[in-house]
Every structure is written in structure tokens, then in C-alpha cells.
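Student: Residues per chain are reported as follows:
Protein chains: 2
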Amino acid sequence: MPAPDATAATNAPDNAYAPTDRTVPTRSRERASYDREMVHAILDEGYVCHLGFIRDGAPVVLPTLYGRVGERLYLHGSTGARPLRMAGAPGGEEPGLPVCLTVTHVDGLVLARSAFHHSINYRSVVVHGIARPVTDPAERTAALDALVDHVVPGRAADSRPANAKELAATAVLSLDLEEVSAKIRTGGPGDDAEDLGLPHWSGVVPVARVYGAPEPAEDLAPDTPVPGYLTRL
Amino acid sequence: MPAPDATAATNAPDNAYAPTDRTVPTRSRERASYDREMVHAILDEGYVCHLGFIRDGAPVVLPTLYGRVGERLYLHGSTGARPLRMAGAPGGEEPGLPVCLTVTHVDGLVLARSAFHHSINYRSVVVHGIARPVTDPAERTAALDALVDHVVPGRAADSRPANAKELAATAVLSLDLEEVSAKIRTGGPGDDAEDLGLPHWSGVVPVARVYGAPEPAEDLAPDTPVPGYLTRL
Numbered sequence: 001m002p003a004p005d006a007t008a009a010t011n012a013p014d015n016a017y018a019p020t021d022r023t024v025p026t027r028s029r030e031r032a033s034y035d036r037e038m039v040h041a042i043l044d045e046g047y048v049c050h051l052g053f054i055r056d057g058a059p060v061v062l063p064t065l066y067g068r069v070g071e072r073l074y075l076h077g078s079t080g081a082r083p084l085r086m087a088g089a090p091g092g093e094e095p096g097l098p099v100c101l102t103v104t105h106v107d108g109l110v111l112a113r114s115a116f117h118h119s120i121n122y123r124s125v126v127v128h129g130i131a132r133p134v135t136d137p138a139e140r141t142a143a144l145d146a147l148v149d150h151v152v153p154g155r156a157a158d159s160r161p162a163n164a165k166e167l168a169a170t171a172v173l174s175l176d177l178e179e180v181s182a183k184i185r186t187g188g189p190g191d192d193a194e195d196l197g198l199p200h201w202s203g204v205v206p207v208a209r210v211y212g213a214p215e216p217a218e219d220l221a222p223d224t225p226v227p228g229y230l231t232r233l
Numbered sequence: 001m002p003a004p005d006a007t008a009a010t011n012a013p014d015n016a017y018a019p020t021d022r023t024v025p026t027r028s029r030e031r032a033s034y035d036r037e038m039v040h041a042i043l044d045e046g047y048v049c050h051l052g053f054i055r056d057g058a059p060v061v062l063p064t065l066y067g068r069v070g071e072r073l074y075l076h077g078s079t080g081a082r083p084l085r086m087a088g089a090p091g092g093e094e095p096g097l098p099v100c101l102t103v104t105h106v107d108g109l110v111l112a113r114s115a116f117h118h119s120i121n122y123r124s125v126v127v128h129g130i131a132r133p134v135t136d137p138a139e140r141t142a143a144l145d146a147l148v149d150h151v152v153p154g155r156a157a158d159s160r161p162a163n164a165k166e167l168a169a170t171a172v173l174s175l176d177l178e179e180v181s182a183k184i185r186t187g188g189p190g191d192d193a194e195d196l197g198l199p200h201w202s203g204v205v206p207v208a209r210v211y212g213a214p215e216p217a218e219d220l221a222p223d224t225p226v227p228g229y230l231t232r233l
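Chains A and B are the protein sequences, given in the same order.
Numbered by the working numbering, the letters in the first sequence go through residues 1 to 233 in order.
Numbered by the working numbering, the letters in the second sequence go through residues 1 to 233 in order.
Only chain A is shown next, with the shape it has when bound in the complex (with noise of 0.2 Å):
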């Protein structure tokens, strides 16, 4: 039995999204996955994605927060600001954005004997698709503190609801998981057997993101305790 997000009109797998024409890349396709648990895996360790859109003809791309319900991704941002109007918001022109939306964790630093082989260890995410204004309350009250929530598990419920003016300059957009694909690149180096023996060292040099010690703010009563949320990040 399909599971209810499951896309309809594709022959994939309820786990796996349907590759298309352009989520199929031209190389290193063994690189490509579509299944659905690794592509959650890799948006939901992230919350900043890079949003692709098309702007007086010409592409756009911009650094955004995002949060996931099931199949679904939401973005926000004030109703005045360029992408949120263009997709139709209160006050926008048209019904629906059409959008890349980029998700991309590094690694680790691959090192090569050749510089040819030099690489990335990386895992991203690609999704393809419209963004359209969510205008249900409901909707857009889970939205917004999925997008809380999706950078401090646990804070939505940990911090005062956006009041009635608050949602009115807020505009929320949805963009489904459809048209998706992850790639990912893992390992060490990929040395042609001729370079094998040259001197320079070759190998992979991990990277991470790493949270500091949280810096209260100057007007916080001293005795607030840090909250657990944080202390597990």
C-alpha cells in the first residue's frame, strides 16, 4: 500500500523518489541516490539551503533557513522580501515560484597525489519543484516551528508563538519533495596506479560543524539556565 506522501504518477518505490530528466546527472551518476530516508538524513542534519529562482530572467540564488514536515519543505520570510512575493504571497504577482533548492554538507577534504583527482567529501540535496504560498493557519503555524525546530530541536515550543501581527509580515512557502536526488561522495583518494608512488602525502582531511558554549544575551537574568535542547546539540 503506497504511503500517503507517496508521489502517484511515478513508478518509484515508496522509498525512493522518481529520478527525471534533470535529477539524473550527466556524471558520476553512482553518486546519485533517490532514496527517500538518506535525502531526509541530509536535509534534516542541515537548516540554511541555498534557493535558486529566476529574476527578471536571470538566476538568483540566496542563502535561506528551512524546515521539513514529511514530504514537504517550508520556507519564510517577510512578506516585503523579493522570492516570497514573487511566489504569490499577499500581495504578490504570481501563483507559484518555480525553484532549486540546494543542500549541501561537507565532509571532508580529499587529497590526492594529482591535483586532478583533488575532491570533496560532501552529501547534498537537490530538489526541484514550485514554492507556493501556504496560507492555511494550521499549516502555517506547523511550518514555522518546523523551521524553528529544524535548527534547535526542541525550541519551538520553547520560545513565545508569532503573534497575529508577527504571521501577517510573514510569508511561508511550501515546496513538496517530488522531483529530488542526493549525491554523495565518500572515501579517500582516487589515484591513477602510475601516481601511486609519488612523495605527496594523500588522504582525507575530515570537517565538521561544531556548536560553542551558547552566549547568553547581554539583557538575560543571569540565573536562566541553559536548556537541555542546547547542551545536546
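These are computed hints drawn from the structure, not numbers from a lab.
A couple of the hints might just be wrong.
What the hints assert, rightly or not - With a straight-line cut-off of 20 Å between C-alpha atoms, the simulated EDC-like cross-links for lysine to aspartate or glutamate are:
#1 Lys165(B) <-> Glu194(A)
#2 Lys165(A) <-> Asp195(B)
#3 Lys165(B) <-> Glu178(B)
What the hints assert, rightly or not - Over 10 Å on every C-beta distance to chain B, these chain A residues come out as not near it, computed from the model:
#4 Glu37
#5 Glu45
#6 Glu166
#7 Asp176
#8 Pro214
Positions of the beta carbon are idealized from the N, C-alpha and C atoms, including for glycine.
Fit chain B to the supplied structure of chain A, relying on the hints for placement.
Tutor: Chain B alone, transformed into the frame defined by chain A:
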């Protein structure tokens, strides 16, 4: 006297890029900067950009490496990769590809008492322009060195340079730094006065990128020393 790389057609001082319609944000203008040194510093701290271009009328955003030499960025890839073919590398269809190249560093998670004022401390650079194939052999070599050295400074001189076959398989694109802006958020949360008494912890959680101990390739001779440019990372 203008610097040799200054854009002659602008009225901007030599130490800044001239703002254009698409590099002036509609919101948070106080976060925008056109300062060359600031832009260079943000670019030089990274090595993975998100490159946006238009394919079949839709936006595409892909992560890729970049290098900088003065006021010019370089990208590279297989001559078979789509954006490189589209930019008019040998075998391509067009003399140049309109792109938007964005680099983002996340410096902190900003937790306000209100969900609305949550934010991210970040530094980003957005470059608009036309990516063009680099065909001059000397510039191609310098560009490939810059790409390797951008990831690991000092590495280009300590690896086997590309041979003729590898060079023939590699397309190099250039993108001049002319229409460029940085955007920077720093500091703590900006809660509204009426929220300061709420019991929620507020402040900043610093985020940083760290490097792990270099992991030698399985086929590396055991006595190969780890080079100084890696221990300094």
C-alpha cells in the same frame, strides 16, 4: 589612481563594488556590504559555493568548488558537465552562462525569546555575472592551482600538476567580481522590549567548521609525513 582591477564603468570607490539593482537587498539593507576586502575575506574562507544557472527555463543550484585570483573567480569541472558545456567550453552551445554564485558561512544560531526574532549569524557573498570559458593555457593552469590552493593553501605545489589528457578533460570557467555584495549578520537576538521578561533562554550558539586529524590513504606509504600545510589547517 584606480587599481588595475577596478571596474572602470562604476562610480564606486576603488575599495568597494558599485551597488546595482540586484545587489541592493529589499530588506535588512544595513546588513549589506560592498567592501572589497570584506567580500574577498568571505570568499577566501570558503571553497564550496552554490552556483545557480538556468537550464530549460528553470533554475538549477549545484554545489561546486571555486578559487579566487584577484577580482576573478574560477570554477572547473568535466568538459561533459552541463553548466560547463552550457558556458561554451569546447563542445558547448553558448559563449557564456549567466550565473549567480553564492558563498555562505554560518557563524551562530540566534535564539530570541520570540520565535519571530530567531535568526542566524552568517556571512554571505552573492556574485552575479557571466561565467565564461577560460582557454588561455597559462590562465587555465593558474586557475586550477587556485582551485586546489583555495581548499588547502599550499597544496597545489605539493601535488602532480594536471597532464595534457587531464587538462583536455577539464573545463575552466571565469566569473569576474563586478556585481557583488556581501551580507552579514552578527550579534545577539533582537527581542522586543515587551518580551524581555519571558522565561526563555536567549542568546547565541556559536557555529564553526573544524578539521579532524588527516586520515592517510590506504595505499599511502606509512612513513609519509603529514605536510605542514595540513597540520596548520
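Student: Each hint needs a verdict: does it hold in this structure or not?
Tutor: Hints versus structure:
{"no.": "1", "hint": "Lys165(B) <-> Glu194(A)", "result": "holds, 14 Å"}
{"no.": "2", "hint": "Lys165(A) <-> Asp195(B)", "result": "holds, 14 Å"}
{"no.": "3", "hint": "Lys165(B) <-> Glu178(B)", "result": "violated, 33 Å"}
{"no.": "4", "hint": "Glu37", "result": "holds, 21 Å"}
{"no.": "5", "hint": "Glu45", "result": "holds, 13 Å"}
{"no.": "6", "hint": "Glu166", "result": "violated, 4 Å"}
{"no.": "7", "hint": "Asp176", "result": "holds, 15 Å"}
{"no.": "8", "hint": "Pro214", "result": "violated, 5 Å"}
When held up to the earlier numbered hints, the structure conflicts with 3, 6 and 8 and fits the remainder.
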